[in-house]
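Dock chain S against the given chain R, drawing on the hints supplied.
There are 2 protein chains.
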Amino acid sequence: MSSPAQLRSVRKRQEIIDAAQSVFLDKGFAGASVDEVAALASTSKRTVYGLFRDKKGLFTAVITEAIDAAEHRSHDSVEALATSQDLATDLRAFARRHIVDVIQPHLMRLRRLIIGEAERFPDLASVWQAEGPGRGHATLARVFTALAERGLLRAADPELAAQHFNWLILSIPLNQAMFRTDDDHHSPADLEYYADEGIRVFLAAYGSDRPQR
Amino acid sequence: MSSPAQLRSVRKRQEIIDAAQSVFLDKGFAGASVDEVAALASTSKRTVYGLFRDKKGLFTAVITEAIDAAEHRSHDSVEALATSQDLATDLRAFARRHIVDVIQPHLMRLRRLIIGEAERFPDLASVWQAEGPGRGHATLARVFTALAERGLLRAADPELAAQHFNWLILSIPLNQAMFRTDDDHHSPADLEYYADEGIRVFLAAYGSDRPQR
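In the order they appear, the protein sequences are chains R and S. 213 is the number that our numbering gives the last residue of the first sequence; the numbers go up by one with no jumps. 1213 is the number that our numbering gives the last residue of the second sequence; the numbers go up by one with no jumps.
Take these hints with a grain of salt, some might be off.
Using 30 Å as the maximum straight-line C-alpha spacing, the simulated BS3-like pairs for lysine-lysine come out as follows [unchecked claim]:
no., chain 1, residue 1, chain 2, residue 2
1, R, Lys27, S, Lys1012
2, R, Lys56, R, Lys27
3, S, Lys1056, R, Lys27
4, R, Lys56, S, Lys1045
5, S, Lys1027, S, Lys1056
Just so you have them, the derived chain S footprint on chain R, three or more residues with Cβ under 8 Å [to be verified]:
no., segment
6, 105 to 117
7, 123 to 134
8, 153 to 164
9, 168 to 179
10, 199 to 208
Source of the hints: derived by calculation from the structure; they are not laboratory data. Just so it is clear, CB atoms sit at the ideal spot from N, CA and C, and this is done for glycine as well.
Looking at chain R on its own, in the form it has when it is part of the complex (with noise of 0.2 Å):
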């Protein structure tokens, strides 16, 4: 159980995360304050300091937080994927969910923002690069090769397959909204077009005519 104070230091490590987020999407990384995030999160420096360190560790949990929450969204559903009974239909709902917690405005702007620091900061793209894609491609390997255990999907390398997976999915939407700001230029239709094709288009390749145990 946890204490008030506990509560309390919960509570505003996350409106810390908040306030940084907010900041560091308006000034990018080289031009926001650690100073500018305590102001607007009510809070010191000094306590800023005390629980992320300095300015990139501020940056990290931004990320880590933001990418953490998208993939709660659809953490049970994709585990639940390796003992589907009807693969086509799970995949396809999935994928419809998986695109909408991608396609984000702030994940985007995230997105947007750490690539063009990339050169300059290097080890904040490498944590989204891992934290992001890396972590989600591990995952659907998992469950892509324990579908191919139960003769469900043909996946001679489920790292590979995991990644046309998710790039089948998401890149049309995905790079559309690198070059584009206005957040509303897909539909819902859009997107879950984008979704069902991709599935169809991957189990061409992946899929297996085996009957289900």
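Chain S in isolation, oriented as in the chain R frame:
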């Protein structure tokens, strides 16, 4: 026939574009100055403004020039696909060349820079999107329509097929290049594997079993 004065002018224009690319990649769009570009190209600011109007016109020329040069390398081979007599082999050969043409370090640096600046300078991002992937997808969609008419592909939505094709080949190395700034993290063997496997997946979904006419 070009006069010596015309040739000098073409050469000067190219020198300014080369200098501008170097300055933009070093300083970013906001940080770069026309003064610096003029100095590096050993010319006057007045000449730069005369040829390119303003800093945005200059960066637009850098984008257009970089993409044109990359497209020029693959132009004939992509058009030739429409009349291919051995589609799987020719698609694989094109894919292997395409991946190398796109993943050039200076193109990846420009892409990162433009994505990072997309919020502040949406016009530049639009130019990149239109001249690069936009034009590339339109060309591929035309080629796939011709191949579908010959009975060699099934592509109810040729624009979607073009995007699937492109991203199946490019997504893995391209997205890694967005977050990793060392240029040599893909061996030529990796790139060939991505090209070949991308074509395998594409043909499983879009290939036709009908014999060639």
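So, going through the hints one by one against the coordinates:
1. Lys27/R with Lys1012/S: Not satisfied, since the Cα-Cα distance of roughly 37 Å exceeds 30 Å.
2. Lys56/R with Lys27/R: Measuring from Cα to Cα gives roughly 14 Å; hence the hint holds.
3. Lys1056/S with Lys27/R: holds (21 Å)
4. Lys56/R with Lys1045/S: violated (39 Å)
5. Lys1027/S with Lys1056/S: holds (14 Å)
6. 105 to 117: holds (count 7)
7. 123 to 134: Coverage by chain S holds here, the residue count being 5 at a Cβ distance below 8 Å.
8. 153 to 164: holds (count 4)
9. 168 to 179: holds (count 7)
10. 199 to 208: It holds: at least three residues are needed, and the segment 199 to 208 of chain R offers 6 whose Cβ sits within less than 8 Å of chain S.
Hints 1, 4 from the earlier list are contradicted by this structure; the remaining hints agree with it.
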